[in-house]
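Each chain is listed here by its residues.
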Amino acid sequence: MKKFVNDPQQYVPEMLEGIALANPDTLRYVPEYNLIMRSDAPRQDKVSIIQGSGSGHEPAHVLTVGRGMLDGACPGDVFAAPPMDYVYETTKLLASPKGVLLLVNNYTGDKMAFDMAQEMSLADGVTVKTLFIDDDVSVQDSTYTVGRRGVAGNFFVMKAVGAAAEAGADLDEVIRIGEKVNSVTRTMGLALTACTPPAKGSPLFELGDDEIEIGVGIHGEPGRRRAKIEPADALVDELLEPVLADLPYESGDRVALMINGLGGTPISELYIAYRHAHKVLTERGITVARSYVGEYCTSLDMAGVSVTLVKLDDEIEQLLAAPAEIGLRIF
Amino acid sequence: MKKFVNDPQQYVPEMLEGIALANPDTLRYVPEYNLIMRSDAPRQDKVSIIQGSGSGHEPAHVLTVGRGMLDGACPGDVFAAPPMDYVYETTKLLASPKGVLLLVNNYTGDKMAFDMAQEMSLADGVTVKTLFIDDDVSVQDSTYTVGRRGVAGNFFVMKAVGAAAEAGADLDEVIRIGEKVNSVTRTMGLALTACTPPAKGSPLFELGDDEIEIGVGIHGEPGRRRAKIEPADALVDELLEPVLADLPYESGDRVALMINGLGGTPISELYIAYRHAHKVLTERGITVARSYVGEYCTSLDMAGVSVTLVKLDDEIEQLLAAPAEIGLRIF
Amino acid sequence: MTTQSYRDTEFVVHSIAQTAVDNEKTFGDLDSVVGDGDFGFSLARGFEIVLADWDSYDRTDIGVFLQKIAVVITGRIGGTSGPIWGTAFLRAATGSKGRDELTGRDVVAMLRAAIEGIKARGGAELGDKTLLDALSPMTDVIEQKVGEGASSDEIVAAAAVAARTAADATVTMQARRGRAAYTGERSIGSPDPGAVAVAVILERLASEWSHRPQQS
Amino acid sequence: MTTQSYRDTEFVVHSIAQTAVDNEKTFGDLDSVVGDGDFGFSLARGFEIVLADWDSYDRTDIGVFLQKIAVVITGRIGGTSGPIWGTAFLRAATGSKGRDELTGRDVVAMLRAAIEGIKARGGAELGDKTLLDALSPMTDVIEQKVGEGASSDEIVAAAAVAARTAADATVTMQARRGRAAYTGERSIGSPDPGAVAVAVILERLASEWSHRPQQS
Ligand SMILES: Nc1ncnc2c1ncn2[C@@H]1O[C@H](COP(=O)(O)OP(=O)(O)O)[C@@H](O)[C@H]1O
Ligand SMILES: Nc1ncnc2c1ncn2[C@@H]1O[C@H](COP(=O)(O)OP(=O)(O)O)[C@@H](O)[C@H]1O
Ligand SMILES: [Mg+2]
Ligand SMILES: [Mg+2]
Ligand SMILES: [Mg+2]
Ligand SMILES: [Mg+2]
Chain Z
620 MKKFVNDPQQ YVPEMLEGIA LANPDTLRYV PEYNLIMRSD APRQDKVSII
670 QGSGSGHEPA HVLTVGRGML DGACPGDVFA APPMDYVYET TKLLASPKGV
720 LLLVNNYTGD KMAFDMAQEM SLADGVTVKT LFIDDDVSVQ DSTYTVGRRG
770 VAGNFFVMKA VGAAAEAGAD LDEVIRIGEK VNSVTRTMGL ALTACTPPAK
820 GSPLFELGDD EIEIGVGIHG EPGRRRAKIE PADALVDELL EPVLADLPYE
870 SGDRVALMIN GLGGTPISEL YIAYRHAHKV LTERGITVAR SYVGEYCTSL
920 DMAGVSVTLV KLDDEIEQLL AAPAEIGLRI F
Chain G
620 MKKFVNDPQQ YVPEMLEGIA LANPDTLRYV PEYNLIMRSD APRQDKVSII
670 QGSGSGHEPA HVLTVGRGML DGACPGDVFA APPMDYVYET TKLLASPKGV
720 LLLVNNYTGD KMAFDMAQEM SLADGVTVKT LFIDDDVSVQ DSTYTVGRRG
770 VAGNFFVMKA VGAAAEAGAD LDEVIRIGEK VNSVTRTMGL ALTACTPPAK
820 GSPLFELGDD EIEIGVGIHG EPGRRRAKIE PADALVDELL EPVLADLPYE
870 SGDRVALMIN GLGGTPISEL YIAYRHAHKV LTERGITVAR SYVGEYCTSL
920 DMAGVSVTLV KLDDEIEQLL AAPAEIGLRI F
Chain R
180 MTTQSYRDTE FVVHSIAQTA VDNEKTFGDL DSVVGDGDFG FSLARGFEIV
230 LADWDSYDRT DIGVFLQKIA VVITGRIGGT SGPIWGTAFL RAATGSKGRD
280 ELTGRDVVAM LRAAIEGIKA RGGAELGDKT LLDALSPMTD VIEQKVGEGA
330 SSDEIVAAAA VAARTAADAT VTMQARRGRA AYTGERSIGS PDPGAVAVAV
380 ILERLASEWS HRPQQS
Chain P
180 MTTQSYRDTE FVVHSIAQTA VDNEKTFGDL DSVVGDGDFG FSLARGFEIV
230 LADWDSYDRT DIGVFLQKIA VVITGRIGGT SGPIWGTAFL RAATGSKGRD
280 ELTGRDVVAM LRAAIEGIKA RGGAELGDKT LLDALSPMTD VIEQKVGEGA
330 SSDEIVAAAA VAARTAADAT VTMQARRGRA AYTGERSIGS PDPGAVAVAV
380 ILERLASEWS HRPQQS
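Chains as they are written, first to last, in this note's numbering: chain Z, 620 to 950; chain G, 620 to 950; chain R, 180 to 395; chain P, 180 to 395.
Okay, chain Z solo, but in the shape it has when bound (with noise of 0.2 Å):
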C-alpha cells in the first residue's frame, strides 16, 4: 500500500484534524465523537442537520459543513457507519429548539446508528428526525433486499435542506422538501479501479487489466456485473441509460447533472465523460439547467465515476443555486 498515512487507526481523526486546521474560523473539532460542526452551531433559530456516514467518501461529508449546508457530520471510520454514541451525542450538541434533521444514506449500519441515536435522541426531550438517501438505481430487486444505497446525489439532499434550514423553513417543511429532491434523484457509478481502504492495504476487489464494475457502491461493493472496459462514451451510456429509464427523466425534463469522479479519476476524464452525457441529455430534448463535475462523493482512491440526474423545478433549481460556504474551498 502506498499511501499517505501513519497509523492507519488514525486515518480519520488525523484527516478531521487537518479539515479543523485548515478552517480554524468556520469550523471546530470534537475529536471525541469524530465531530466537525460549524462554529456557529447550534444556531437557535434553524433546523440544524447533521450527516453521518463512514469516512472516505470525502469531500462527503465532512467539508460539506458551513453556512447553507450541514450544521455537522460525525462520520464513522473508513467506510463503517459511525457508533451510536458518536450520533446521539452530536445531536445533542447540535439540538437546536427548531429540532434536527439527521440524514442518512440508506445502508444497514447507518440505519441501525442513526435509529437508535434518535430514539435516544428524544427520550431526552431533543426534536428530531431523520430523512434517508437512496438514489443509487444500481441495486435491483431492492424491495426484496435492504433497499437503494445512498450515493453521491446525497449532494443535493443537503445542498436543498441546507438552504431551506437556512431560510428559516421548519423541521417538517425541511423534511418535506429533503424528500421531494431524494425522490427526483437518480445515480449509478462504475469502477474502473479498486480502492485500498487503509486498514487493509490492499485493493478491496481485483478488477482484471480490462475489467470494470459496473454499478459499483461507494465502498467498493460489487455492483451489477463485471464488464470490458470501453470507450469513454460508451461507458457513460452504460451509467446514463439506467438513470434516465429509472425515475425517468423525460424531453422537456429540466435537470441538474453530476459527474461525480470516485476519486482516483482525473479532471479531464470528468470532463470528457461530463461531455458525452450533456450531448445524450441534449439529444433527448432535457436541459442541462445546473452542472456539476469533480468529486462530490468519492471512495478512496477508486478510479471511476457516476452519474446523477435531479429533475429541477423552480424550489429545487432555486435551493441548488442558494449561497453556501464550505470547507471545501477552491480559491
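For the record, the hints were derived by calculation from the structure and aren't laboratory data. Ideal Cβ positions, reconstructed from N, Cα and C, are used throughout, including at glycine. Do not rely on the hints blindly, as some may be mistaken.
Computed footprint of chain Z on chain G; a stretch qualifies when at least three of its residues, placed anywhere within it, have a C-beta under 8 Å from a C-beta of chain Z [stated by the list, open to error]:
(1) 673-679
(2) 849-863
(3) 910-920
Capping the alpha-carbon separation at 27 Å, the derived lysine-lysine pairs in DSS-like fashion look like this [unchecked claim]:
(4) 298(P) <-> 748(G)
(5) 621(Z) <-> 711(G)
(6) 621(G) <-> 621(Z)
(7) 621(G) <-> 276(P)
(8) 717(Z) <-> 748(Z)
(9) 847(G) <-> 204(R)
(10) 298(P) <-> 276(P)
(11) 748(Z) <-> 298(R)
(12) 298(P) <-> 247(P)
(13) 621(Z) <-> 799(Z)
(14) 711(G) <-> 247(P)
(15) 930(Z) <-> 847(Z)
(16) 748(G) <-> 930(G)
(17) 621(G) <-> 847(Z)
(18) 204(P) <-> 847(Z)
To give a feel for the contact side, a few chain R residues facing chain Z, derived at Cβ under 8 Å [unchecked claim]:
(19) 262
(20) 315
(21) 316
With chain Z held as given, fit chains G, R and P with the ligands onto it using these hints.
Positioned in the frame of chain Z, the structure of chains G, R and P with the ligands alone reads:
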C-alpha cells in the same frame, strides 16, 4: 490502460468541449486553438491574462479561467506546450488596450512557444509581456541547466495577477505583482505512482511497490531521487524541509500553505498531509494564514502531493482573498 | 461476585473480545469478498476498548456486567456490527439481570434473546446469510446438549463444531441482508464474515475452556 | 518546379514526416525514460498535418516550399519540438530561398544553418544531449563526403551511419537541456529521443534513397 477516453488524440478537445458545455454562460471555447476564454473577454478596461502550458494538469489552467483569474487558457496536448500558433492567435483574440500578460511555466517548450508568439504579436502592434513562473525547488543546479520548473505555485501567481488586473492595475503593475508572488513561492512534490498519458496508454515510469519519487515533475519527469515509502508525516517532512530552507521561510512569517493533490490521491490523504505540515509550520513560529487543500495542478492520475508555501504580506494576502469565479465549481 | 457462572461469563466475554482483536485482518478480508472490508476493523476497535477498560466495568451481577459491555459495543463499534452485536449483548444482559448463577437453560434463553434482538434490530431472518445462520444452529445444539445433561466441556465443544458447520454452510447462501445483499447471486460462493466470526470465537472457547479460571 | 533537387527535397521532407507519423509510439516511449513521453505524439500530430496538406504547399521554389513546411511545424507542433524543428526548417528554407537546384555544398550549408537556428532557439550546445548531438556529427560526415565527391547514395548511407553512431553516443551523456536535464545524472544511460529520431529518419532515407522518384 483503463481511462475514460475515446480517441486519445481527441482527449484534450473533448475535455475542453466538456468544460465549455458545463459553463455555457461564462466560458467560450475556440476549438482551433484549444482556447477556453471568458465569454466577456477581452475587456477594454483590464489587462488580459493568458496561461498556456500542457494539458493533464487540470484544474490548471483551463478551469481557472474566469472573473478574477485568467481571461483565457490555450493548452497544448497532454504534457506538451501549446503550439506557437495557439498562443499567437489567443493573444490576438484577447488583445486589450491595457495590454496582455502571458503567464508561462518555465519549461523549454512553453518558453519558446510564448517567446515566439510574443514576438509576432508585438509585430502586430499588440502590447504583450511575459511572466515566467518557477517555483519548483526540486530542481537543483538550476542555473546550470534550464532553471526551475513552474508547478502548483502558479495558482498563486494567477490568483494575484488576476485580482490585480480585475481591480484595474496596468500591465507593469500586474507584472510587478506577479513577479513578487513568484519570488516568495516555493513548491516541492512527490509521486507514489506514475501517471498514464492517454496517448501512451501505459504508466510513464515504473515505481516499485514500496518506492516513491521525491521531487517529481508535474509531467512525470523524474525528481531528485527514489526512496522507500514512509509514513505520511515523514513524507511531508521530505517536501516541507527543502521548501522551507529555500526562500527561507522563517519564524514570524505569515504564509499560505497549499497541499496539492497530483490527481490520484484521495482528499482524505491530502488532509492527513495538511495536518502535519500545519503543525510543523506552527512549531517553527510560522503562521498559516491561508490554507489550500485539494487539486490545483495535477499530473493526470498520478498519486502524490506537492507542498507549496507563499510568504504573505498585506498586499499579497488581499489579492489572494479577493473574490474570483472560475469554472471549477463546488456548489 | 465470585461464582463460577460469573467467572465463566467473564471468560466468554474476554475470549470474544480477544478473538475480535486477534482476527482483525482475517475478518476484514472475509468482508472484502462481497462486502466493504471493514468488519474486522470495526469489531477490533470496539472490543479493544472492552479489553482496555476491562477492570472498570460494574460487576454488581452478571446482568449488570453484560449491560456495561453492551453499552460499549453499541456505542463504540461502527458499521452494522455495533448495533447488531450491541443488541445481542443487551438482550443477554436483560436475561441475566440480578443473577449471580446461570444454568445451562439460562444460557440457552440468553442466546435466544440475543438472536431475537438481532432479528428485530436488523430485520434479518434465518437463511439471509448473516451471523444468525451460525448463532441459531449453534444454540439448537447447545439446547440439545443441555437437555442431555452434558458437561460444560462437552457443550462448548459441540457448540464449536455446530457453529463451524453452520458458518461453512453460509457459503451456498445468497445474502439478503447487509452490504453483501447488493451483489445478489454473486454473494454465493463465500462464507458470511459474521457467521465465520461466531465459529472462530466458539473454536477458541472450546480449545481454552478446560484452562479457564475455576473456583478452587 | 521539376528539378531533381526539388524532387529530392520533397522526398526528404515527405520521408521525415512519414517517419514521424510511423514512429509515434517508439519516439514517445523513448521520451518517457527521463522525459515526459510526449515527443512522439507531438511530432506525429504536426507532421500528420504536413502530410494531409501535402499538395497544397506553395512550391514556387525550394526555399518557399521549405518555409511553408516550417510554418506548419512551428505553429502546429507543441512541446519543445515545434519551435526547435520549425526553426530548423525555417533556417534551411532561408538558405535555399529562390533556388531550384541545390549542390551538396548547399545542403551542408542548409544543415549548418538549421543547427545554428536550433542552438539560438533553445540555447543548447553540443554535448547537452539533444538532437544537435546527432545532427552535427552527421553534417560533418556529409560535408566530408561531399568534399570527396561521393555520390548522393554514398552520402546518404554514410550520413545514416553517422547519425546512428552519434545517437547511440548520447547514451553516456548527461542532459543539460530539455526536460531530461531535470534528472541530472539519471539522464545518463538512455539515448536522447531527438537524436534517435534523427538517426531513424536518416536510416529510412538511406534505405529508400535509390527508389526515390528520379528525373527520367
Ligand atoms: N441486517 C442484518 N442483520 C443481522 N446481521 C447482519 C445484518 N447485516 C449484516 N449483518 C452481519 O454483519 C456482518 C458485516 O458487518 P459489518 O462489516 O460491520 O457491516 P457493514 O460494513 O455492512 O456496515 C455480515 O457478515 C453479517 O453477518
Ligand atoms: N533546448 C533544446 N535545444 C535543442 N533541442 C532540445 C532542447 N530541449 C529538448 N530538445 C530536444 O527535444 C527532445 C524532446 O522533445 P519534446 O518531447 O517535444 O519536448 P518537451 O516534452 O520537453 O517539451 C529531446 O529529446 C531533445 O532532443
Ligand atoms: Mg461498512
Ligand atoms: Mg512535453
Ligand atoms: Mg462491512
Ligand atoms: Mg517530451
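For each hint, the structure was consulted:
1. 673-679: Since 4 is at least three, the answer is holds.
2. 849-863: Satisfied; 5 residues make the cut.
3. 910-920: Contact hint for the segment 910-920 of chain G vs chain Z: holds, 8 residues under 8 Å.
4. 298(P) <-> 748(G): holds, 24 Å
5. 621(Z) <-> 711(G): violated, 46 Å
6. 621(G) <-> 621(Z): holds, 20 Å
7. 621(G) <-> 276(P): violated, 50 Å
8. 717(Z) <-> 748(Z): holds, 11 Å
9. 847(G) <-> 204(R): Since the Cα atoms of residue 847(G) and residue 204(R) sit roughly 24 Å apart, the hinted pair holds (cutoff 27 Å).
10. 298(P) <-> 276(P): Holds. Residue 298(P) to residue 276(P) sits at ~21 Å (cutoff 27 Å).
11. 748(Z) <-> 298(R): Since the Cα atoms of residue 748(Z) and residue 298(R) sit roughly 24 Å apart, the hinted pair holds (cutoff 27 Å).
12. 298(P) <-> 247(P): holds, 22 Å
13. 621(Z) <-> 799(Z): violated, 42 Å
14. 711(G) <-> 247(P): holds, 22 Å
15. 930(Z) <-> 847(Z): Violated, at about 31 Å.
16. 748(G) <-> 930(G): holds, 25 Å
17. 621(G) <-> 847(Z): Given that 27 Å is the threshold and the Cα spacing comes to 10 Å, the pair holds.
18. 204(P) <-> 847(Z): Within the cut-off at roughly 24 Å; holds.
19. 262: holds, 4 Å
20. 315: Since the shortest Cβ distance to chain Z is 19 Å, the answer is violated.
21. 316: Nearest chain Z Cβ about 22 Å off; hint violated.
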